[in-house]
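Colleague: If you read the sequences in order, they're chains A and B. Residue numbers for the first sequence follow this note's numbering, beginning at 1 and rising by one. Residue numbers for the second sequence follow this note's numbering, beginning at 1 and rising by one.
Just so you know, the hints here were simulated from the structure itself, not pulled from any lab data. Check before you lean on any hint, since a few could be wrong.
Unchecked claim - One-sided excerpt, in silico: chain B residues whose CB lies under 7 angstroms from chain A: (1) Pro-138; (2) Ala-152; (3) Ile-178; (4) Gly-228; (5) Ile-292; (6) Glu-295.
Unchecked claim - The calculated lysine-lysine pairs, modelled on DSS-like cross-linking and capped at a C-alpha distance of 30 angstroms, are: (7) Lys-332(B) x Lys-10(A); (8) Lys-328(B) x Lys-10(A); (9) Lys-296(B) x Lys-104(A); (10) Lys-296(B) x Lys-344(B).
Where is the CB? At the ideal position from N, CA and C, for every residue including glycine.
One letter stands for each residue in the lines below.
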Amino acid sequence: MIRILHQIFKTGIVTEPLSPSDESKVIVAGSRLEEEILKRFRKSLTIRLVDAGSCNACELEIHAVNNPYYNAERFGVHFTASPRFADMLLVTGPVSRNMEAALKRTYDAMPSPKLVAAVGECAYNGGIFRDSYAVRNSVSEVIPVDAFIMGCPPAPADILNGILTAVRRQRP
Amino acid sequence: MPTLKDALISALGEDLKEYTLQRPSDVSAFIVPRMSFRAAAKVMLAQGARLAAEWATDDAAFKKGFSVHAAYNLDGEFLIVSAEMPEGGPSFPSITKKYLAAYRFERQIWSLFGILPEGHPDMRPWIKHEDWPADIYPLRKSFDGKTYIPKAAGTYVWVRAEGEGVYEIPVGPVHAGIIEPGHFRFQAVGEDIINMEARLGYTHKGIEKRFEQMDWASAARLAGRVSGDTSVGHATAYAEAVESASGTIVGLRAQYLRAILLERERMANHLGDIGAICNDAAFTFMLYQMSILREKMLRTNAALFGHRLTFDCVMPGGVSSDITREGKETIKAELSGIEAEFDKLVRIYEDNPSLEDRVYSTGILTPPDAKAFGVVGFVARASGVANDARILRPTDAYRKVPPIPPLLTSGDVHARAWVRIVEVRDSIRIIRMMLDEMPEGELSVEFTPPAPGACGFSAVEGWRGEIIYWVQAGPQGEINRCMVRDPSSVNWIAIEQAIKGNIVPDFPLCNKSFNQSYSGNDL
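Go ahead and model the full structure; you've got the sequences and the hints to work with.
Modeller: Below, the structure is given as structure tokens:
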């Protein structure tokens, strides 16, 4: 136990201030929500992730968003196991044919109002898998998307900025 | 002496035809009559060989029907047995009853090629889900790979247990955590699992078909995205297969750089996994500590190689980025820092009774099962099977700095975690030695595409285990077929064995200790 405590104290707080992302990293699409409701999400945002056929790189970087350096929880952003409690759906991958139904059903299971952020190039335009017989080419083909976060995969800071941009409805 | 080759020649003799366009030269390939395909498997089994991969090809471009291929391995020897089939109603004798590893390979051949494995005990579709029209075979040349497949009606029949108090738990494809999608069906009594069946294919993106639409050079980007956590591993395996087919010899410096990138990928993933395994045993402290070490590595990657997960650093002919003198010092300083922290954390791992209670004797994959399924990578090395492609088929860089892989026999969650711990330390040693010994030289050599009909083969030890690529050039020298065998394709089924008799709440822990790829399996 003493070793654990020693390690914790010695590590200290490694969380860094969030550096702003390049404007081109986030594309805001549509404007479905009232300012009032968005204001509510600013304090606390609960996210459900659906991997719709990604290669797992985007998942790794979303994991990193929760590591002590980026510490998403400080912005009130946290991930939940169930879509029933979620305010935002984070989607990765080009939407494989075999995940299309599951993605739709997850979206439908979320209470309104809800936001959708599509993470990574595949989720935007299918990426390198574009036009394959087994993918849909974009998350927006299946469910409405509020923001696209670009990159292959996007860096953790870009993912976090993208999530916050979708909520605040303004450029980072 | 090549044991497998000799055994095959003495058993099938006259019936064999050597396939002379297979490269590299130490991988032999034989065409057997279709009905002798199972007899060949029997010969291989008698020699103690492992079935490394089984796949099909549509030979329409060569004005022929179809072929089925099986790659066997014994020690350092790889041998490919192929059988040709006519265009109409192709079928071949199934080898699943000889080799358990063939079970899903052959279901996949049936689902995606429409080639019937005669005598296969389970003809349910694999990867192709029940809502696909049954007569669509996407890997046939006659199928246009750009047509989105319509939905059809259908049902999937699960293996079911019956009896008093037996109940079923369906899980997925959308899971509770930030992980890839897959579906698991548990049959349980109380908390005890009596059977678990996985159904994968949710991330199927038509990758093997996509390869056939690309050129040799640009397809390296696709290989790097087969499984995003193994970008270097897959890109290297692809590059080595293509280089063998075209006879390209990569310079020694490029080989060292590939090996350093592979070891860095191994370290970063193992660090993440060790933390995640502890987290699934409710020891969150370790997750955050390990994720700090992992993040440090990814930041060095971004600074030195331009990408946190070192995407697109390896291509046919060599590598795209170098390590400068300052880069060497950066890596060495980073490794020293990680090593010191890691040692302290491993001590905490060893000293923690609550963790011990969860990881020891949980999710045991016995050595006989591991051998029977032909598992690879850290899963094999935790269950007494010494399989490591860096030793079986070393490149010159690994010949100069040989890895010292661990071998455990307990096959439980702890063994799989401990193999990773030892491998992190070994990777640190390898990277340090390679940085010191790396010779000057070219980063890449001119790469000439393979000649028509030429086939290439590679086995590369990615962080999860042996990755196999087999490529074939078409009549115009284009990509006619690129077969991808991620370690997950053979390891996934082993989880179903390891989980039996465990309790349902231990499944996430067991699953994390295997941490197999969904994307690499589904393709």
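Colleague: Hint by hint, note whether the structure agrees.
Modeller: Against the structure, the hints:
1. Pro-138: This hint holds: Pro-138(B) lies near chain A, its Cβ roughly 6 angstroms from the closest one there, short of 7 angstroms.
2. Ala-152: This hint is violated: Ala-152(B) lies away from chain A, its Cβ roughly 12 angstroms from the closest one there, beyond 7 angstroms.
3. Ile-178: This interface hint holds because 5 angstroms falls under the 7 angstroms limit.
4. Gly-228: 3 angstroms, holds
5. Ile-292: With a closest approach of 6 angstroms, the Ile-292(B) hint holds.
6. Glu-295: 5 angstroms, holds
7. Lys-332(B) x Lys-10(A): 22 angstroms, holds
8. Lys-328(B) x Lys-10(A): 28 angstroms, holds
9. Lys-296(B) x Lys-104(A): 37 angstroms, violated
10. Lys-296(B) x Lys-344(B): The hint holds at about 17 angstroms.
In terms of the numbered hints stated before, the structure departs from hints 2 and 9, listed from lowest to highest.
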